[in-house]
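Enquirer: As a plain string of letters, each chain reads:
There are 2 protein chains.
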Amino acid sequence: MAEYPEQIERLSDMFRRLDGIGKKTALRHAFSVLDMTEDEVRGFADALVAAKTEICFCEVCKNISSEKICPVCSDPNRDRSVICVVEDFRAAMAVEKVREYRGLYHVLHGVISPMKGVGPDKLTVKELLARLDGGVREVILATNPTPEGETTAIYLSKLIAPLGVKVSRIANGMPVGGDLEFADELTLRRAIEGRYDL
Amino acid sequence: MAEYPEQIERLSDMFRRLDGIGKKTALRHAFSVLDMTEDEVRGFADALVAAKTEICFCEVCKNISSEKICPVCSDPNRDRSVICVVEDFRAAMAVEKVREYRGLYHVLHGVISPMKGVGPDKLTVKELLARLDGGVREVILATNPTPEGETTAIYLSKLIAPLGVKVSRIANGMPVGGDLEFADELTLRRAIEGRYDL
Numbered sequence: 306m307a308e309y310p311e312q313i314e315r316l317s318d319m320f321r322r323l324d325g326i327g328k329k330t331a332l333r334h335a336f337s338v339l340d341m342t343e344d345e346v347r348g349f350a351d352a353l354v355a356a357k358t359e360i361c362f363c364e365v366c367k368n369i370s371s372e373k374i375c376p377v378c379s380d381p382n383r384d385r386s387v388i389c390v391v392e393d394f395r396a397a398m399a400v401e402k403v404r405e406y407r408g409l410y411h412v413l414h415g416v417i418s419p420m421k422g423v424g425p426d427k428l429t430v431k432e433l434l435a436r437l438d439g440g441v442r443e444v445i446l447a448t449n450p451t452p453e454g455e456t457t458a459i460y461l462s463k464l465i466a467p468l469g470v471k472v473s474r475i476a477n478g479m480p481v482g483g484d485l486e487f488a489d490e491l492t493l494r495r496a497i498e499g500r501y502d503l
Numbered sequence: 306m307a308e309y310p311e312q313i314e315r316l317s318d319m320f321r322r323l324d325g326i327g328k329k330t331a332l333r334h335a336f337s338v339l340d341m342t343e344d345e346v347r348g349f350a351d352a353l354v355a356a357k358t359e360i361c362f363c364e365v366c367k368n369i370s371s372e373k374i375c376p377v378c379s380d381p382n383r384d385r386s387v388i389c390v391v392e393d394f395r396a397a398m399a400v401e402k403v404r405e406y407r408g409l410y411h412v413l414h415g416v417i418s419p420m421k422g423v424g425p426d427k428l429t430v431k432e433l434l435a436r437l438d439g440g441v442r443e444v445i446l447a448t449n450p451t452p453e454g455e456t457t458a459i460y461l462s463k464l465i466a467p468l469g470v471k472v473s474r475i476a477n478g479m480p481v482g483g484d485l486e487f488a489d490e491l492t493l494r495r496a497i498e499g500r501y502d503l
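Line by line, the protein sequences are chains A and B. Our numbering puts the first residue of the first sequence at 306, with every later residue one more than the last. Our numbering puts the first residue of the second sequence at 306, with every later residue one more than the last.
There's no promise every hint is true.
Because identical chains cannot be distinguished in the list, a pair is counted as satisfied if it fits within a single copy or across any two copies.
In silico DMTMM-like cross-links for lysine to aspartate or glutamate, where the CA-CA straight-line distance does not exceed 20 angstroms [claimed, not checked]:
id, residue 1, residue 2
1, 402, 311
2, 402, 314
3, 329, 393
4, 427, 340
5, 427, 502
6, 463, 392
7, 402, 484
8, 427, 489
9, 431, 345
10, 431, 318
11, 463, 311
12, 373, 343
13, 328, 489
14, 463, 324
15, 427, 344
16, 329, 498
17, 328, 345
18, 373, 314
19, 373, 311
Honestly, the hints are just simulated from the structure, not real lab data.
Just chain A, with the same shape it has in the complex:
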């Protein structure tokens, strides 16, 4: 042999296409599948296809959704005057988990990155601007505090501010529970700059 059956090779090739899976892990996963019942495996296969075919992007905020308009955008209790702009749906979920924010979202599907050839036209910037039709009071730019995230935030603020909409950026500073000894210089500088009165 020196090779596994072709079906195992094919399945582990598929596992390798998942984020962060190497050759050995992919093989291990393929073996796990052999240990499942046939019903389980068929359920797995169905779940794969369902996730890909039934999930779309909300027509308003571009977040992933199983309906045309996502639950947040269609919730009458959300504050429609505030839009929180995030890079992807993971970030939207992270903000949502805080259970503090009651406004809407806008998912950019990336950040501006000349290195990767991603310009504003590949993001949902046009769709964001189209939403600023008078009812929106504030746009919170919640892209990540990375160079690309900062660049994108600055780019968006320059586009949005002239429209008379308030633009804010999430704060930088020490993470709660963090240790000053291990904080990087830039974070600490921002934490000091952003100090508030007690």
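Given the coordinates of chain A, assemble chain B onto it according to the supplied hints.
Expert: Coordinates of chain B only, in the frame set by chain A:
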């Protein structure tokens, strides 16, 4: 929201059933699936079902195979007088990769483990004994050098030796490239016991 679409939850639940995958990794994998093309995802689903439904156990050696008799057992160039007994198909593949061994295999599908309630009757011991019909000269016991693997090897040797078949056990010792400083006592003791003349 505060929850992902149901399809994502369902898919990540399936990923969690794989060996060594936690909640966060499962979610990340589900997101990876969204990034694939629909064709890729359908191919993935097909590969899952194919691996489960088309792979069976070789009628002779009980290794995984896509045919009734596996490529090793049906290869006329393999030495039919030697059988290497391993715990599972991963171990058989590991031996096969050395490209040194030219005999056949026998896959036990586990080891004797009273703790886990696995007795010899749950392994392919009966099938192994049925293969020792005179043509077999040697059985190499290549279960892992763990307590369960050793127990299983001793159990099998007591069954097989009376049949007039030579029984051998893979050697213990220092792994090649290893460091004596970090070797455990038992390994080092076995390495010294098993020393050979230069």
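Enquirer: Hints first: check each against the structure and report whether it holds.
Expert: Hints versus structure:
no.	hint	result
1	402 - 311	between (43 angstroms within a copy, 16 angstroms between copies)
2	402 - 314	between (39 angstroms within a copy, 15 angstroms between copies)
3	329 - 393	between (30 angstroms within a copy, 16 angstroms between copies)
4	427 - 340	between (42 angstroms within a copy, 15 angstroms between copies)
5	427 - 502	neither (42 angstroms within a copy, 70 angstroms between copies)
6	463 - 392	within (18 angstroms within a copy, 65 angstroms between copies)
7	402 - 484	neither (24 angstroms within a copy, 49 angstroms between copies)
8	427 - 489	neither (32 angstroms within a copy, 57 angstroms between copies)
9	431 - 345	neither (43 angstroms within a copy, 30 angstroms between copies)
10	431 - 318	neither (38 angstroms within a copy, 36 angstroms between copies)
11	463 - 311	neither (55 angstroms within a copy, 37 angstroms between copies)
12	373 - 343	between (34 angstroms within a copy, 19 angstroms between copies)
13	328 - 489	neither (35 angstroms within a copy, 29 angstroms between copies)
14	463 - 324	neither (34 angstroms within a copy, 48 angstroms between copies)
15	427 - 344	neither (41 angstroms within a copy, 23 angstroms between copies)
16	329 - 498	neither (47 angstroms within a copy, 34 angstroms between copies)
17	328 - 345	between (24 angstroms within a copy, 18 angstroms between copies)
18	373 - 314	between (38 angstroms within a copy, 19 angstroms between copies)
19	373 - 311	between (40 angstroms within a copy, 15 angstroms between copies)
In this structure, the hints that do not hold are numbers 5, 7, 8, 9, 10, 11, 13, 14, 15 and 16, in rising order.
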